[in-house]
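Trainee: Below, each chain spelled out in residue letters.
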Amino acid sequence: MPIPLRQPKAWIALVCLLPLVRLIVLGGSGGLGANPIEFITRSTGTWTLVGLLVTLSVTPLRRLTGRADLIRYRRMLGLFAFFYAGLHFITYIWLDQFFDPAAIAKDIIKRPFITIGFTAFLLLIPLAVTSTHAMMRRLGRRWKQLHRLIYLIALLGVVHYLWLVKKDLSEPLIYGVALALLLVMRLPWGVTLLQAARSRFVAARHRVGKAGAHGAGSAQ
Amino acid sequence: MLIHPADDILPSEITPPEIYRERRRFMQGLGVLAAGAALGAAPDAEAGVKLAGVRASAYKLDEDKTPYKDVTTYNNFYEFGTGKGDPAENAGSLKTRPWTVAIEGEVSKPGIYDIDTLLKLAPLEERVYRLRCVEGWSMVIPWVGFPLREIIRRAEPTGNAKYVEFVTLNDPRQMPGQRSRVLDWPYVEGLRLDEAMHPLTLLAVGLYGEVLPNQSGAPIRLVVPWKYGFKSAKSIVKIRFVEKPPLTAWMRAAPREYGFYSNVNPQVDHPRWSQAKERRIGEFFKRDTLMFNGYGAQVAELYRGMDLKKFF
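Here the protein sequences come in this chain order: S and P.
Each step along the first sequence adds one to the number in numbering that gives the first Met the number 0, with nothing skipped, and position 172 is 171.
Each step along the second sequence adds one to the number in numbering that gives the first Met the number 0, with nothing skipped, and position 34 is 33.
Wrong hints could be hidden among the right ones.
[Claimed, not checked] Within a straight-line C-alpha distance of at most 25 Å, the following computed SDA-like cross-link-like pairs (lysine to any residue) qualify:
| # | chain 1 | residue 1 | chain 2 | residue 2 |
| --- | --- | --- | --- | --- |
| 1 | P | K64 | P | K94 |
| 2 | P | K276 | S | V164 |
| 3 | S | K109 | P | V267 |
| 4 | S | K166 | S | F88 |
| 5 | P | K243 | P | E124 |
| 6 | P | K308 | S | I103 |
| 7 | P | K276 | S | F97 |
| 8 | P | K83 | S | R21 |
[As the list claims (entries may be wrong)] Incomplete in silico selection of chain P near chain S, CB under 8 Å:
| # | residue |
| --- | --- |
| 9 | T72 |
| 10 | Y73 |
| 11 | E134 |
| 12 | R271 |
| 13 | I280 |
| 14 | Y294 |
| 15 | Q297 |
Calculated directly from the structure, the hints in this document are not laboratory data.
Glycine is no exception: its CB is placed at the ideal position from the N, C-alpha and C atoms.
Whole structure, please, built from the sequences with the hints as guidance.
Mentor: This is the structure we're talking about:
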C-alpha cells in the first residue's frame, strides 16, 4: 500500500508552482536564452494548457480508479491553470506590448490567434471567480452549466497554439489529441469504457488478492 | 604489452591551446600556399577558426552587435529542427568539407566550385547587417563574405536569366530535421536577378571574423539584409539561373503567408501577426521595424512602381 501523504493538497500546490520557480531560477541565472520574453510567453502558455488538461483529467481518473475523493483537488488545479493564464496574459500586455492599449486592441481584433487566446482568458475569469464553496451553493445547478465552459476554453487554447506556430504543428497537435481523448472519455461511450476498464482492474486485483491469500495459506 | 598510465605525459608536453591554435592558423596558411593541392593539408574548416585576410568595409552600423552567443544559439534552420536551440544542438552532424556549389542554368559559364576555391574567389570583407526575422525579432550581425555578384559576373548569365534560385543541401543523414516533412526538402529560395546583383547581397562564409558555425548556414550562405531572414538560404549547394520565379520552400508551404519578395515592410503584416515592430535580441522594448529593414536608400529603387501589398 502506498503511504498516504499527510498533506496531498500542499504537495500538489508545490508541484504546480514548479514551472514558476523554474522561470524565476532561469531568469536569475540568465538561462532564458536569447529571447527571454518569448521564452516566458511560451512557458506560461504551455503550463496554462497543461493545467487545463490536468484539470479535465480529474473526472476520467475518478471513473477509472473509483476514487471519488480526487474531486477535492480539481478546484486547485483549475485555479493554477488560471494562474498561469494570468501570467501569460500579463507577459503579453506588459513585456510584449508594454501597456500600449492601441496596439493591444488592434492585436486582439486583427490577429485571430490573439482574439482566441484573449477570449479563452476572459472566459476563465468567471470560472475562477465562482470557484468558491459559497458560489457553488449560490449558483446551484447553474454552477455546473457555467463550469462546462472549460471544454470550450481548452479547445480555444489549443486553437490559439495551433494558429500561432509558423509551420511545425506537431506540438499543438499533441495537446489537441490529449484534449480530444479527455473529451471523448466524457461521452456515454467513453464513460462505459472507463467503467469497464475499472471493473476489469478491480476483478484482476481481487483475483491477485485471493491467490495471494491462498499462497500464504499453503505456506503455513 | 606495456600500457602507459595517462600521467606519464609531462605537463610540459601538452600543447597550450593558444600555441595549438597558432599552429592551426600556420597550417591554414600553408594550405592556402598549397592552393588547390588536395593532398591532405586542406584549410581547417572548423567553426570558430579565424578567417584570414578579412577587410573592413563601409557597411557598418551604429547599433550594438548581437552577442556571438545569441547569434549562434537562437536560430531558425529547420534542417536541424524547428526549435530555436535545435540548430546549435544538432548541426554537429553537418560536414562542410568536401563541399561544392554548382552554378548552372541560364549561364554561359556553368561550373562546380569547390568551397575552398570560393573562399578565395573574391576578397573577404566584414559587413555589419541588420537581420529581421519574419517572426518579429531581429539581430545585428557582423558577417564575413563577398558580394554574390562576384560569382554571377563570372558565370555570365544569358539573356534568359531573370531569377536566381538557391538550393540548400538535402541529406537527412547530415540534417536530421529533414527526416520530418515540416517543409518540402530541399529548401529553395530565390531572388530576382537585379536583387541578386545588388551590392548589398552577400555570400557569407563567416561571422564575427570566424568561420561560420554550422547552425548559421556553413559553409556558405546568402545574406539579403532588406528581406526577412528566411530569404537568406543557408548551406547552399546549388545556384541556378532561371527564367521564371522559383517556387520557394515557404511559398510552397504557405502561399498566402509568404510571398516571393518578402521584403521587410512594417506596413504589410503577416496574415497572422503584425510586422510593425520587432524585438531586437537583447533589448527589452520593441523597436519600430524600418522599411526594407533600414536599407531603403539602397534598394527602394528596385521596387519602384510595384504594389508591395500585392508583391509581398
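Trainee: Look at each hint and say if it fits the structure.
Mentor: Evaluated hints:
{"no.": "1", "hint": "P:K64 with P:K94", "verdict": "28 Å, violated"}
{"no.": "2", "hint": "P:K276 with S:V164", "verdict": "18 Å, holds"}
{"no.": "3", "hint": "S:K109 with P:V267", "verdict": "13 Å, holds"}
{"no.": "4", "hint": "S:K166 with S:F88", "verdict": "24 Å, holds"}
{"no.": "5", "hint": "P:K243 with P:E124", "verdict": "32 Å, violated"}
{"no.": "6", "hint": "P:K308 with S:I103", "verdict": "23 Å, holds"}
{"no.": "7", "hint": "P:K276 with S:F97", "verdict": "12 Å, holds"}
{"no.": "8", "hint": "P:K83 with S:R21", "verdict": "19 Å, holds"}
{"no.": "9", "hint": "T72", "verdict": "6 Å, holds"}
{"no.": "10", "hint": "Y73", "verdict": "4 Å, holds"}
{"no.": "11", "hint": "E134", "verdict": "7 Å, holds"}
{"no.": "12", "hint": "R271", "verdict": "6 Å, holds"}
{"no.": "13", "hint": "I280", "verdict": "5 Å, holds"}
{"no.": "14", "hint": "Y294", "verdict": "23 Å, violated"}
{"no.": "15", "hint": "Q297", "verdict": "28 Å, violated"}
In this structure, the earlier hints numbered 1, 5, 14, 15 are contradicted, and the remaining ones agree with it.
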